[in-house]
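Take these sequences, add in the hints, and give me the full structure.
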Amino acid sequence: MSKLAKLIAVAGASALVLAGCATNEAAPTATSTATESAGGSTSTEETVAPLEGTLDGSGASSMASGQEAWVAGFQLLNPGVTVNYNPTGSGTGRDQFEQGLTFFTGSDSALKDEEIATPHPNCSPADGPMFEFPIWISPIAIIFNLDGIDSLNMTPDTVAQIFTGEITKWNDSRIAADNPGVSLPNLNITAVHRSDESGTTANFTDTIAKAAPNTWLLNGENAGKFEAWPAEWGGEGGQGTSGVIAAIAAGQGTIGYADASRAGDFGTVAFGVGGEFVPYSAEAAAKIVDISPLVEGRPDSMLTYNLDRDTTESGVYPIVLVSYLQGCMDYADDAKAELVKAYASYMLSAEGQQYASDSAGNAPISDALRQKAQAIIDQVK
Amino acid sequence: MTTANQTSKTKVRLGDLIFSRAATFAGAGILITLGAVALFLFLQALPALDPNADFDGKAENLLSYVAPYIFGTLYGSIIALLIATPLAVGIALYISHFANRRFSQVLGYIMDLLAAIPSVVYGLWGILVLAPFLNPTYVWLNENLGWIPLFEGQVSATGRTMLTVGIVLAIMVLPIMAALIREVFLQTPRLHEEAALALGATRWEMIKMAVLPFGRPGIISAMMLGLGRALGETMAVALVLSPASIISFALLTSQNSNTIAANIALDFPESGGDYRSLLIATGLMLFFITMVINLLARYIISRRAEFSGAN
Numbered sequence: 089m090s091k092l093a094k095l096i097a098v099a100g101a102s103a104l105v106l107a108g109c110a111t112n113e114a115a116p117t118a119t120s121t122a123t124e125s126a127g128g129s130t131s132t133e134e135t136v137a138p139l140e141g142t143l144d145g146s147g148a149s150s151m152a153s154g155q156e157a158w159v160a161g162f163q164l165l166n167p168g169v170t171v172n173y174n175p176t177g178s179g180t181g182r183d184q185f186e187q188g189l190t191f192f193t194g195s196d197s198a199l200k201d202e203e204i205a206t207p208h209p210n211c212s213p214a215d216g217p218m219f220e221f222p223i224w225i226s227p228i229a230i231i232f233n234l235d236g237i238d239s240l241n242m243t244p245d246t247v248a249q250i251f252t253g254e255i256t257k258w259n260d261s262r263i264a265a266d267n268p269g270v271s272l273p274n275l276n277i278t279a280v281h282r283s284d285e286s287g288t289t290a291n292f293t294d295t296i297a298k299a300a301p302n303t304w305l306l307n308g309e310n311a312g313k314f315e316a317w318p319a320e321w322g323g324e325g326g327q328g329t330s331g332v333i334a335a336i337a338a339g340q341g342t343i344g345y346a347d348a349s350r351a352g353d354f355g356t357v358a359f360g361v362g363g364e365f366v367p368y369s370a371e372a373a374a375k376i377v378d379i380s381p382l383v384e385g386r387p388d389s390m391l392t393y394n395l396d397r398d399t400t401e402s403g404v405y406p407i408v409l410v411s412y413l414q415g416c417m418d419y420a421d422d423a424k425a426e427l428v429k430a431y432a433s434y435m436l437s438a439e440g441q442q443y444a445s446d447s448a449g450n451a452p453i454s455d456a457l458r459q460k461a462q463a464i465i466d467q468v469k
Numbered sequence: 041m042t043t044a045n046q047t048s049k050t051k052v053r054l055g056d057l058i059f060s061r062a063a064t065f066a067g068a069g070i071l072i073t074l075g076a077v078a079l080f081l082f083l084q085a086l087p088a089l090d091p092n093a094d095f096d097g098k099a100e101n102l103l104s105y106v107a108p109y110i111f112g113t114l115y116g117s118i119i120a121l122l123i124a125t126p127l128a129v130g131i132a133l134y135i136s137h138f139a140n141r142r143f144s145q146v147l148g149y150i151m152d153l154l155a156a157i158p159s160v161v162y163g164l165w166g167i168l169v170l171a172p173f174l175n176p177t178y179v180w181l182n183e184n185l186g187w188i189p190l191f192e193g194q195v196s197a198t199g200r201t202m203l204t205v206g207i208v209l210a211i212m213v214l215p216i217m218a219a220l221i222r223e224v225f226l227q228t229p230r231l232h233e234e235a236a237l238a239l240g241a242t243r244w245e246m247i248k249m250a251v252l253p254f255g256r257p258g259i260i261s262a263m264m265l266g267l268g269r270a271l272g273e274t275m276a277v278a279l280v281l282s283p284a285s286i287i288s289f290a291l292l293t294s295q296n297s298n299t300i301a302a303n304i305a306l307d308f309p310e311s312g313g314d315y316r317s318l319l320i321a322t323g324l325m326l327f328f329i330t331m332v333i334n335l336l337a338r339y340i341i342s343r344r345a346e347f348s349g350a351n
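First to last, the sequence lines map onto chains A and B.
Numbering-wise, this note's numbering comes out as the position in the first sequence, counting from 1, plus 88.
Numbering-wise, this note's numbering comes out as the position in the second sequence, counting from 1, plus 40.
Hints were generated in silico from the structure; no laboratory data involved.
Keep in mind that a hint or two might mislead.
Stated by the list, open to error - Chain A residues, not near chain B, derived (Cβ > 12 Å throughout):
(1) ALA103
(2) LEU104
(3) ASP201
(4) ASP238
(5) ASN276
(6) ASP294
(7) ASN310
(8) ARG350
(9) GLU364
(10) TYR368
(11) GLU384
(12) ASP398
(13) LYS424
(14) ALA425
What the hints assert, rightly or not - Below, computed lysine to aspartate or glutamate pairings styled on EDC-like, alpha-carbon distance capped at 16 Å:
(15) LYS200(A) x ASP96(B)
(16) LYS98(B) x GLU320(A)
(17) LYS94(A) x ASP235(A)
(18) LYS248(B) x GLU233(B)
(19) LYS313(A) x ASP422(A)
(20) LYS298(A) x GLU309(A)
(21) LYS298(A) x ASP422(A)
(22) LYS469(A) x ASP422(A)
(23) LYS313(A) x GLU233(B)
Said to hold, decoys possible - Computed beta-carbon distance windows for the label pairs:
(24) ASP56(B) x SER90(A): 17 to 27 Å
(25) ASP396(A) x GLY97(B): 22 to 32 Å
(26) LYS94(A) x ALA107(B): 55 to 65 Å
(27) ILE340(B) x GLY236(A): 57 to 67 Å
(28) ILE118(B) x GLU140(A): 56 to 66 Å
(29) GLU156(A) x PRO172(B): 55 to 65 Å
All C-beta atoms in this analysis are idealised placements derived from N, C-alpha and C, irrespective of residue type, glycine included.
Next up, the structure:
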């Protein structure tokens with residue numbers, strides 16, 4: 089090759105490499121036709137000037153697909169804003185907020201008292217009050233793979249005994265007792281759990297531990313709520329929600345717990361609550377937040393719920409994952425405060441919740457919760 | 041540098057200077073990077089070595105926590121090596137001594153292509169295709185040969201077992217091993233081969249007498265290379281294996297010892313504080329295990345240095 093050709097080749101290659109290193113200015117183009125579902129009425133606060141800027145948040149991966157929908161919908165309405173949500177995991181999300189890298193956090197678990205007391209650089213004052221309220225309610229379905237059976241009734245004790253390995257066959261009398269008329273095969277039960285640490289496991293075990301304290305036993309004691317499955321109970325482990333679904337699909341007679349939006353064609357369990365068997369549904373899942381008491385001793389800006397998992401109220405599906413939105417009540421940067429207010433209001437709005445539900449399958453929050461949370465967000469400055 | 045019979049200093053050319061400095065810099069850079077990685081791992085892992093560390097109840101102390109994972113890492117890799125080594129030697133022999141020239145080139149390209157497949161794809165293939173395919177075999181093994189301790193226990197309904205992981209890892213390390221061993225076999229001195237054939241040996245006897253002894257250090261170095269890759273394999277194991285934190289030799293059950301790398305991949309995103317340091321400490325142990333195995337391989341090869349095809 090001639091020297092010139094070599095020089096051009098090197099220049100071209102380095103240009104490509106350097107272009108790859110550049111930060112992309114992601115300016116979402118405003119389409120003139122907003123989709124119907126995203127085009128809900130914007131709230132009255134964004135009237136004076138169009139919002140501009142970048143808003144960074146991170147946290148739970150459970151709401152990652154919901155956040156994608158919300159970011160898309162919000163950026164359509166506010167073309168000058170770029171929202172970035174990084175699904176790093178709840179723990180990392182809270183860490184990043186503490187370090188001042190992000191301005192809001194999505195978290196599967198509420199803030200602990202020590203975490204509230206830690207100074208947060210983006211708040212002013214740094215140890216000022218924070219807001220926290222549920223933004224994402226996701227029902228956790230108990231899914232099984234049996235030919236020809238779409239739904240089974242199970243009491244909390246039955247579910248506990250299946251997952252601890254006490255009940256090993258599908259045609260066990262304890263399952264048959266609640267399902268008259270259903271012919272159960274003589275097949276081994278394979279209980280699938282999450283092999284990675286997960287908020288889904290934590291919420292599932294929390295529910296079963298409270299609803300079935302006498303059968304959810306590990307070495308004779310109530311195993312309680314945990315994120316890492318104990319080896320004594322056996323069963324299969326799958327990585328992530330998709331791993332669990334793949335494991336359930338791969339064998340006959342498998343049963344596991346996963347986000348309800350992925351239940352697909354598998355059979356699901358109607359969970360026993362107060363004498364009835366409640367199949368999962370968006371309304372039944374959202375209801376548990378409304379009937380649960382708030383945790384005591386928290387400031388008014390925090391709606392931290394002590395979920396009443398062993399409720400006997402009718403029509404409530406207690407196996408849910410409730411994820412919170414967390415941020416400062418008073419931001420050091422007022423421009424960021426405006427962005428947080430606008431984005432949080434969008435996420436809380438009926439249109440926003442429905443838009444996310446259409447693609448991510450969560451249960452939209454109830455109007456009662458929306459009003460309380462909106463009142464808190466209106467005070468953010 | 042002046043030579044003895046020159047009276048004046050040689051003029052140092054700019055090109056030479058730049059090249060020698062760049063090469064030194066590159067060499068030193070590797071060492072510094074390795075040192076930096078080891079230092080980072082050690083500093084991040086330090087909180088976990090504190091006897092008062094709080095692991096949220098997930099672990100008692102470092103040693104009891106990591107023991108099943110070290111076992112799982114070594115066990116899975118050894119199974120992979122046991123499956124891959126005969127296959128790799130066979131493929132290399134076929135390419136170097138039995139196939140005609142053009143076909144062996146094509147086969148070589150295809151082997152290299154196998155090496156280019158990302159490990160995540162192997163993991164997905166493992167759960168979606170291989171595990172269901174092997175499951176009936178596992179059920180048969182468990183029913184008929186269940187008295188062998190390796191095949192005992194409650195057989196998994198989905199096929200996501202240590203044996204499946206061993207097979208997937210074997211397929212992943214196969215191309216590297218086969219390529220390296222093929223290179224070594226191709227370097228067998230022609231005179232040795234011709235001499236064996238002239239003495240009346242059949243082709244297989246010639247290979248046994250001339251090729252395999254010559255290639256043995258190369259085979260060992262290929263095994264160590266494959267072992268190194270299998271030890272560090274993360275995504276394929278994390279996707280395919282159904283883990284539990286126990287030490288188990290059973291190959292067909294749902295309770296399998298997980299590997300260090302896969303465990304870190306599974307637990308790291310949601311971890312925090314001392315537990316995160318614990319995970320990094322297990323990574324540090326994997327680093328040391330791999331280093332020890334590589335040193336061992338170097339030692340074994342150096343003993344037969346004059347025959348080593350790798351030199």
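Hinted pair, alpha-carbon criterion (16 Å max): LYS313(A), ASP422(A). Please report holds or violated. violated (40 Å)
Is it the case that ALA425(A) keeps its Cβ farther than 12 Å from each residue Cβ in chain B? holds (27 Å)
Since ASP201(A) was said not to touch the interface, does its Cβ keep a gap of more than 12 Å from each Cβ of chain B? Holds, because the least Cβ-Cβ distance between ASP201(A) and chain B comes to about 16 Å, which exceeds 12 Å.
If we take the beta carbon of LEU104(A), is the closest beta carbon in chain B still more than 12 Å away? holds (21 Å)
Is LYS469(A) close enough to ASP422(A), meaning Cα to Cα at most 16 Å? holds (7 Å)
Is the Cα-Cα distance between LYS298(A) and GLU309(A) 16 Å or less? holds (13 Å)
Could you say whether the range 17 to 27 Å given as a hint is met by the Cβ separation of ASP56(B) and SER90(A)? holds (25 Å)
Run the C-beta distances from LYS424(A) to all of chain B and say if the shortest one exceeds 12 Å. Non-interface label stands for LYS424(A): nearest chain B Cβ at 25 Å, farther than 12 Å.
Least C-beta distance from ARG350(A) to chain B larger than 12 Å: holds (15 Å)
Is GLU384(A) truly not at the interface, in the sense that its beta carbon sits beyond 12 Å from all beta carbons of chain B? holds (24 Å)
Does the claim that ASP294(A) lies off the interface hold, with its Cβ farther than 12 Å from every Cβ of chain B? holds (15 Å)
Least C-beta distance from GLU364(A) to chain B larger than 12 Å: Check passes; 31 Å lies beyond 12 Å.
The structure is inconsistent with the numbered hints 5, 17, 19, 21, 23, 29, although it conforms to all the rest.
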